[in-house]
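Anchor point for the sequence shown: position 57 equals 57 in the working numbering, and the numbering is continuous, going up by one each time.
Derived by calculation from the structure, the hints in this document are not laboratory data. Please note that the accuracy of each hint is not assured.
Said to hold, decoys possible - What follows is a list of derived Cβ distance ranges for each label pair:
1. S28 / I78: 25 to 33 Å
2. L72 / I23: 15 to 23 Å
3. S28 / T59: 17 to 25 Å
4. T4 / K30: 35 to 43 Å
Just so it is clear, CB atoms sit at the ideal spot from N, CA and C, and this is done for glycine as well.
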Amino acid sequence: MEITQVMLYAVIAIQAVLVLLSIYFYSSYKLRMFIFMGLGFLALLISSVIPLFLTGTDTGIYSLLLQAGAGLFFATGILTAV
Numbered sequence: 001m002e003i004t005q006v007m008l009y010a011v012i013a014i015q016a017v018l019v020l021l022s023i024y025f026y027s028s029y030k031l032r033m034f035i036f037m038g039l040g041f042l043a044l045l046i047s048s049v050i051p052l053f054l055t056g057t058d059t060g061i062y063s064l065l066l067q068a069g070a071g072l073f074f075a076t077g078i079l080t081a082v
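Please build the complete structure, drawing on both the sequences and the hints.
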């Protein structure tokens with residue numbers, strides 16, 4: 001297995017843990033910030049997983065849209081905390 005594949009799987013595992021952690025924090029503290037952060041992490045997770053399932057196709061536009069959506073979710077989460 002190449003180092004790029006190992007790094008991709010490590011990123012996917014970390015993002016999955018962050019999604020689960022934000023769901024746990026939301027269920028514990030009931031703060032909307034954690035829902036938006038979880039949705040942002042989920043968008044980044046999907047953005048990382050798409051190239052694995054759609055090999056041979058250009059997934060650049062999908063990744064860019066999901067990353068922009070993740071940024072909006074993160075910004076909304078920060079603004080709800082203020």
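Hint check:
{"no.": "1", "hint": "S28 / I78: 25 to 33 Å", "result": "violated (20 Å)"}
{"no.": "2", "hint": "L72 / I23: 15 to 23 Å", "result": "holds (19 Å)"}
{"no.": "3", "hint": "S28 / T59: 17 to 25 Å", "result": "violated (35 Å)"}
{"no.": "4", "hint": "T4 / K30: 35 to 43 Å", "result": "holds (40 Å)"}
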